[in-house]
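> Chain A is already provided as a structure; the job is to place chain B on it using the hints.
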Amino acid sequence: MKNVLMVSAVAALLVLSGCSSKDSSIEPYDNSGVTIQPETGGNANTEELSGEDVVVIEGTDANEMTLSALESRMKSVHFAFDKFSISPEMQDIIDTNSQLVKSDAKNYSVKLEGNCDEWGSDEYNYALGLKRANAVKSSMIRDGIDATRITMVSYGESNPTCTDKTEACWAQNRRVDFKLLP
Amino acid sequence: MRHLIGIFLMTLLLSANDATIEVVKKADSFASLAIEDATESFETSASRQFFKNIVSDMNVLSLFNVERKHYINNYEDNSASLETRSFDYVLRYRLHKDDSGMIVVNMKFLHNESVMMEKVYKMSKKNLLVFVAHSIAYDINDLMGATPVDWMKKKVVFAKLTSPGRSEIVIADYTLTYQHTIIKGALNVFPQWADKDQRAFYYTALGGDIPTLYKMDLKTGTKIKIATSDGMLVCSDVSDDGRKLLLTMAPSGQPDIYLFDTQTQQKKRLTTYRGIDVNGQFMENNKIAFVSNRLGYPNIFSKKLNGGGVEQMVYYGRSNAACSAHNEYVVYKSRESQNEFERNTFNLHLISTKTDFIRRLTATGVNEYPRFSASGDTILFIKNYQQQSSVGVIRLQENKSFLFPLKIGKLQSIDW
Numbered sequence: 059m060k061n062v063l064m065v066s067a068v069a070a071l072l073v074l075s076g077c078s079s080k081d082s083s084i085e086p087y088d089n090s091g092v093t094i095q096p097e098t099g100g101n102a103n104t105e106e107l108s109g110e111d112v113v114v115i116e117g118t119d120a121n122e123m124t125l126s127a128l129e130s131r132m133k134s135v136h137f138a139f140d141k142f143s144i145s146p147e148m149q150d151i152i153d154t155n156s157q158l159v160k161s162d163a164k165n166y167s168v169k170l171e172g173n174c175d176e177w178g179s180d181e182y183n184y185a186l187g188l189k190r191a192n193a194v195k196s197s198m199i200r201d202g203i204d205a206t207r208i209t210m211v212s213y214g215e216s217n218p219t220c221t222d223k224t225e226a227c228w229a230q231n232r233r234v235d236f237k238l239l240p
Numbered sequence: 279m280r281h282l283i284g285i286f287l288m289t290l291l292l293s294a295n296d297a298t299i300e301v302v303k304k305a306d307s308f309a310s311l312a313i314e315d316a317t318e319s320f321e322t323s324a325s326r327q328f329f330k331n332i333v334s335d336m337n338v339l340s341l342f343n344v345e346r347k348h349y350i351n352n353y354e355d356n357s358a359s360l361e362t363r364s365f366d367y368v369l370r371y372r373l374h375k376d377d378s379g380m381i382v383v384n385m386k387f388l389h390n391e392s393v394m395m396e397k398v399y400k401m402s403k404k405n406l407l408v409f410v411a412h413s414i415a416y417d418i419n420d421l422m423g424a425t426p427v428d429w430m431k432k433k434v435v436f437a438k439l440t441s442p443g444r445s446e447i448v449i450a451d452y453t454l455t456y457q458h459t460i461i462k463g464a465l466n467v468f469p470q471w472a473d474k475d476q477r478a479f480y481y482t483a484l485g486g487d488i489p490t491l492y493k494m495d496l497k498t499g500t501k502i503k504i505a506t507s508d509g510m511l512v513c514s515d516v517s518d519d520g521r522k523l524l525l526t527m528a529p530s531g532q533p534d535i536y537l538f539d540t541q542t543q544q545k546k547r548l549t550t551y552r553g554i555d556v557n558g559q560f561m562e563n564n565k566i567a568f569v570s571n572r573l574g575y576p577n578i579f580s581k582k583l584n585g586g587g588v589e590q591m592v593y594y595g596r597s598n599a600a601c602s603a604h605n606e607y608v609v610y611k612s613r614e615s616q617n618e619f620e621r622n623t624f625n626l627h628l629i630s631t632k633t634d635f636i637r638r639l640t641a642t643g644v645n646e647y648p649r650f651s652a653s654g655d656t657i658l659f660i661k662n663y664q665q666q667s668s669v670g671v672i673r674l675q676e677n678k679s680f681l682f683p684l685k686i687g688k689l690q691s692i693d694w
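Protein chains in written order, with my numbering: chain A, 59 to 240; chain B, 279 to 694.
Take these hints with a grain of salt, some might be off.
What the hints assert, rightly or not - Only pairs whose alpha carbons sit at most 16 Å apart, straight line, appear in this in silico EDC-like list of lysine to aspartate or glutamate:
(1) LYS688(B) with ASP201(A)
(2) LYS688(B) with GLU176(A)
(3) LYS522(B) with ASP539(B)
Said to hold, decoys possible - Each pair of labels, with its calculated beta carbon distance range:
(4) ASN563(B) with GLN157(A): 49 to 59 Å
(5) PHE139(A) with THR440(B): 19 to 29 Å
(6) ASN564(B) with GLY202(A): 45 to 55 Å
(7) LEU125(A) with THR633(B): 52 to 62 Å
(8) GLU361(B) with PHE139(A): 52 to 62 Å
(9) CYS227(A) with GLN541(B): 38 to 48 Å
(10) GLY586(B) with PRO240(A): 21 to 31 Å
(11) ASP204(A) with PRO683(B): 43 to 53 Å
(12) THR506(B) with LEU125(A): 39 to 49 Å
(13) GLN675(B) with PRO240(A): 55 to 65 Å
In case anyone wonders, no lab produced these hints; they're calculated from the structure. Since the structure is predicted, the reported quantities are computational estimates derived from the model, not experimental observations. Even for Gly, the Cβ is constructed at its ideal location relative to N, Cα and C.
Isolated chain A (complex conformation):
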């Protein structure tokens, strides 16, 4: 299931190769808090550095094809640059999708995924994607969909459908996708 997050491995913590009893007192991750020790028989200082070995692998299981047939019938809604208002043409798409949600997909929840073009990875871009999703949500509620069936997420610029460096491509990425959840 796509929405089930699995932590598949938490591995190999805090290893310092060649650890002596002296090393064991050193925090294994932090190399900024260095340990200074006088060099035997000289004026030089000794500084020991260590690193981290934490690796967490997260992923999704492969059961994301279940609802794909229904989802494929729901077109994405596209937006103008830096805007989250819905054009009449896009309103028709929302209305059509709402009909599907009320009929064939009536047993599912809807997840609205807001997306932006590549011009910025900052929070504002994510907020813009969210405002787009929220505009679609409001429209679906007006179409008679219960608000409790709708969730939203913004992916900002991180989930493009097109990666070319063209204005046409960027326009494709300024969109809200419709996903179904059980």
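For chain B alone, kept in the frame of chain A given last:
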């Protein structure tokens, strides 16, 4: 007359300390520095890389004219070689392994034929050698009495997009020479160090049903769920003591800024505008700076934590969509072009609440995600230019910028 001279001198003094004023230093006024490699037996590629790291770090210090030639000398000599005798300073190092298998770096810093500093650095792993280079640079900077460069020894944490809807969170040194991927798979973004000691970081997981903020403890490798929010959830800033977070949340589809107490788990909504309020940053005097589109386009505003009105901070730029604050200073990303899709579009600017000056910090490419160092004299940022994503470092007092490219992927966000 005496008063006039006094005011003039005072103005000069204040100007010299104002980071919004650009100070141009000539490179030829710096002392010359040669670097001598006294390594006798060590892996060649690691040794070569270490030399590059040392040269890079000494350049970033902006204290010396650094000679890039790879000089060889005996470590035990207490004077410079014939080749390097004409240099003002000589940095000599030797890499080797001790009997227990630890990697040891001996370092001497010479001036006028005498040893100014000698130190030994030890570590267990070869990939940490770059941090020894940073430590050596830090120590020499300290010896020279220059502005502290604590940020050099800190780690950066960043998210990079590896493919649509997939990312990795990586811990690295500021030059990206050392990289350790902490979280792989799914879409995890906006990592933010949880404390000054860099023992944990917050990040947003977007792979589940609902955006979730986690705290990843690097010592134990465990993550703790901090908060969830429909729509979006970002940890924008952490207070100096690590107790308060500024979050962007949208529990009802409306992105606003919240103050989160990590001890009581209580949230307080700080903004209520029906448009976009994001990117809260702690400032001086119990205030926050943030990005809002309340004028119809994204711009930088401030307000007090305990209420009160909102003040516009920036009056320049058509679209100012990201900021970072340190005391009275704010650095922000601005779109200057009339055409939003021109190449030279997004630049970073620095302002102070105490002056009217605006200092432009970048000139080419898409420059974004600025982050002040803890001391406020250096800015870390992301530059995307000609299909290349890089980490940038701006040294404000020295008026210098340095870029360190990411080989694979695109940087999404960064913190140090």
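> For each hint, tell me whether it holds in the structure or not.
Hints, one by one, checked against the model:
no.: 1; hint: LYS688(B) with ASP201(A); verdict: violated, 39 Å
no.: 2; hint: LYS688(B) with GLU176(A); verdict: holds, 11 Å
no.: 3; hint: LYS522(B) with ASP539(B); verdict: holds, 5 Å
no.: 4; hint: ASN563(B) with GLN157(A): 49 to 59 Å; verdict: holds, 54 Å
no.: 5; hint: PHE139(A) with THR440(B): 19 to 29 Å; verdict: holds, 26 Å
no.: 6; hint: ASN564(B) with GLY202(A): 45 to 55 Å; verdict: holds, 47 Å
no.: 7; hint: LEU125(A) with THR633(B): 52 to 62 Å; verdict: holds, 57 Å
no.: 8; hint: GLU361(B) with PHE139(A): 52 to 62 Å; verdict: holds, 58 Å
no.: 9; hint: CYS227(A) with GLN541(B): 38 to 48 Å; verdict: holds, 47 Å
no.: 10; hint: GLY586(B) with PRO240(A): 21 to 31 Å; verdict: violated, 46 Å
no.: 11; hint: ASP204(A) with PRO683(B): 43 to 53 Å; verdict: holds, 49 Å
no.: 12; hint: THR506(B) with LEU125(A): 39 to 49 Å; verdict: violated, 23 Å
no.: 13; hint: GLN675(B) with PRO240(A): 55 to 65 Å; verdict: holds, 58 Å
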